[in-house]
Amino acid sequence: MTFDPLPHAPLAMPKQVLERKGWLRDAIARLVRMPLFVQRREG
Amino acid sequence: MNGRAVSRARLYRTIGLALSLGIASVAASLFLQFAASDGLQAIDALRVLLITISTWWLAWGASQSVVGLCYRAERHDTPSPDIALSSRTAILVPVYNEDPVETFSRVAAMDTSLERLGVGRFFDFAILSDTRDPEIAALEEAWFARLMAERGGQGRFYYRRRTANTGKKAGNIEDFLIHSGGAYAFALILDADSLMEGETILEMARRMEAEPRLGLLQTLPRIVNASSLFGRVMQFSSGFFSKVFARGIALMAGREGPFWGHNAMVRTRAFASSCGLPELSGRPPFGGHILSHDYVEAALLAANGWVVRLDTDLAGSYEEGPETIIEFAKRDRRWCQGNLQHGRLLAAPGLKLWNRFTFVQGMLAYLASPMWAAFLALSLVAPYLAPPPDYFPEPYQLFPVFPDDQTSKAIALFVGIFGLLILPKLLILGRGILSGDVAAYGGAGAVSRSVGVEILISSLVAPIMLLFQTRSVLQVLTGIDGGWPATQRGAQSLSFWDAWVGTRWMVAIGGGGLLVSSYYTPEILFWLLPVAAPMILAPFIVWLSARPLGRGLFLSAEELGPPAILQERERILLSWRGETPFAFAAAPASEMRRHA
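Residue numbers (numbering that gives the first Met the number 0), protein chains in the order written: chain G, 0 to 42; chain Z, 0 to 595.
Bear in mind the hints are in silico, worked out from the structure with no lab data behind them. These figures come from a predicted structure and were not determined experimentally. Don't take every hint at face value.
[To be verified] Label-pair ranges, simulated between beta-carbon atoms:
# : chain 1 : residue 1 : chain 2 : residue 2 : range
1 : G       : K14       : Z       : S434      : 41 to 51 angstroms
2 : Z       : T13       : G       : L23       : 24 to 34 angstroms
3 : G       : A28       : Z       : G286      : 24 to 34 angstroms
Each residue gets a CB set at the ideal place from its N, CA and C atoms; glycine is no exception.
Just chain Z, same shape as in the assembly (with noise of 0.2 angstroms):
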């Protein structure tokens, strides 16, 4: 990357900040004047500096889609089609209790994609196994033997699994480095759940090799395979709108790019020398092993003079999602946790400034919902503790001074927030509907209908995400562990009563919050009520969110034209699937010998 692609980078974020700073200060003008109108307290203080953090939060968000938006085709540092690859790439793919069927038949639909293209033999894989689960273990083994017969995967396929899963995935990766990383120019890391077209893969490698200083090229992937009401829109949002945030985060972050720990290529010898990651000192949940490890080595690697760079221009780059608003969230708490603990490291030497700010955005992210939160709780009693009007201020005045009525302020501050929030989604959609993009979405109707939903559907799960956010600050913060449990991805089915259980304090907490209101301060009742009506009705909306929802709506590219890798691993499921493994049943698993 040269010097005019870093100064392009600086005005975007100049631009950005820019952006998301003037509307902030806008914002913070506003319920300043609002809350001023009955006199201006301590708690109004408060209250004006948590808004201004949070509208910050939101306008950055939409500043990030604002510069995605201004986006021309890139060029990249891609060499002819006619020079032939002369490196060798390690596809590595930890593996944590998971379903390996599932799992190893996306790694036979990737070699088979390579093989098609002739480049098999640049590309070996690397089953990183830290399953705990000796039943589920026997069964890799197991699997992992059909996939070789069925692949001729003799000296290309490996399969290992550690004794003891420390440093959980970055460990797990650390230690293919040190045992083996010597042996392959990059390694592309993957999760259980990911795929890749053979042609992404082999691009990858391409930029890699032409470009000596790139460290670690990070692609953008799209969910797949969703099906219930809640996967699908998170499917369609991956598809349409997250490319162009992610073009606004690839412009603005240049040459210090996000790592967002799978589907990723890296340098081996640059991100072994630069990514050993130590463990913090203290307990966790702020010390022990770095749990969000994917920014720290981004950081790392650009602190070293590498780039670190993400690619939205490259396709075929594909993941599975949680299906369910619940195991979203037990997902969340994990990542909470661990964007959290990077406080620790923003004064870390030597890391670029973007870098430092980059994990105070991954903190924010999660900060921001108790923020809103306690803006909630405060505008809940600030009408209680404000003043009583004085219509005579002033001595022997003779007519009354009624206070500046300044609810428009309010309202407009109220329709800004709301606007950050959907603008660029609407600004998404009209650039689709204006170049054509919306084709491959099932045209301009199908898809406005699908965004129209969408936004219907974040503003009735954002209310119950705040709380679940909130929870999980709150945990970290008083030093409860929420470990590093695995994603049940698959799982689909989510009982009334599962969901019920997991949200009823919402019920309590958005039902307290309207009694409270009702009786000490009915004037923002109506205010409260976008907020608190999801809150009560959470239970309804996390298992209807669960249930299998069809393909009227939501309608993905990759479901109106599936991917030759998605048609490759569906039909090497469908044949694996009920059959045994024949190297299963000729030998109990106690008899396999591994090797490490």
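So that you can see chain G by itself, here it is in the shape it has in the complex (with noise of 0.2 angstroms):
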């Protein structure tokens, strides 16, 4: 017995990036870019 096969027709499915490394450090560097923090520090 044979079954018709799937049709070929591919489809690109990239990894996505989940996990990021340093996240917390990133965040922190972020806030302390943030104007408010930059203006007080350079007053």
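Using the supplied hints, reconstruct the complex from the two chains, each of which is provided in its own coordinate frame.
See the structure below:
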């Protein structure tokens, strides 16, 4: 018995990036770059 | 979805959050006054924290129903029925050791339904088998041949079985998309027990065509074919209550809606480009394959700019549910592990804030149970640890000062928490009576009786689920991997021995709690009874709730007026039952050739 093969029509399915090392450090860095903090440092 | 819809979602989110946070604040304030009446200890601060979070979680659920009740008929981007469909859709049926007669009879019924609408040529069925058991796999092939012959499925029906089930269901879908996804504009993702009306499938494809940015369209499946007391309670709830809660979820989520893993249509290119799931670093239960992949896929689609929408107006979407509390708890154990794994993804780059919040909600759905359990355990010992009352706090005081009796605060809190659980159900009942919706469920009297008994049964089952979920969370946090076993959806026979073995530890906890309380803290014995008594009775409750229940109570709309697709599927199933598929009789499985 033969079953029809599924259509051959490939799609790319790239792996997504879900884990990021240093996200906390980046978040803090973003925070201290906020204008409020920058002005205070410069002032 | 336009900017107005986005603003509307923000408004509903604000209402839901404000309402739930307000209720949680009141609960915290009431409990703080009660706990501080005999002096505030560190243990009281912890109890306040636990009850605040737990109450917020209950209030958040109630808020969803309130928002859902505010619903007015929505307009979707639906094309005129005169415009012909032009896109092709693959209907994906992932199977894993299920009975092929059950599953393939659903496929035959859905195909019949689509053919009757004259649109069968736009829809192909792909049965994607991850079955490990070679005997079931051989039956699948034989029954697939039967299905092909009966439905004339050449060129429209496909069957393939993977040699390794890498990535479980998500990997199964991914494998299809990588090899064949380009042939279809859309893919309707089903479960083995899913059943959908042809009209619903067609309408979904039309909505996908009408809105090019719509990446995923989720329906609200209703449970059907339940026969046990527990199964019928779930079935009634899924029909009568869930629609309102789901509307609330849909209105708050807006274009960042949920994906529940099945009975949903995806745009294949959007899904393929956005939802390739990596393995997480580390070992299970927190590392490895992403178990609750659907939430993550919805988040990734939204992060890539696609609209993910739950359309609660789409009827004709069905599934089957667990028939016993034990089977429900087994499924819950898997979901618990999957949802807690999302803790790893809270900081994933690029996700929308709402999707991160959805992860938190999924985690809280399970963490709330150990929080309640910890609150109860701390409350058991708190009076014992409290300092003795000081009637003469000042020197040379003539008259004693009695501590304020804050019991009324505790009673108000208790009533309020119980109200959060039952008020949404009563509001839905009230609206159903006013709108006449109850007619589909047997009328106001029948629905009122069902709602009343449902509240009673859910009050008895809640402490049992609290313990099951607490155990699941502790297992996951201590690194015990629950695996991903299939739920036995049709499993209805549960002996008292099985119920006893599955819940005897609850009898010990409930009984132990009451004993400790009666000896050390008799003043809270009464408060513990509503929780401890169902634990002590757990084997009986689990056993009795698995027994078949006639149709006197919990009538569902599908029982009173069976939809065409359910009737068609029943007809096919009856005609197939007891038959030997001719192909299986003609050729041994080993001689059958498969194409992957």
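Hints, verified against the model:
no.	hint	in the structure
1	G:K14 - Z:S434: 41 to 51 angstroms	holds, 48 angstroms
2	Z:T13 - G:L23: 24 to 34 angstroms	holds, 28 angstroms
3	G:A28 - Z:G286: 24 to 34 angstroms	holds, 27 angstroms
The structure fails none of the hints (numbered hints given earlier).
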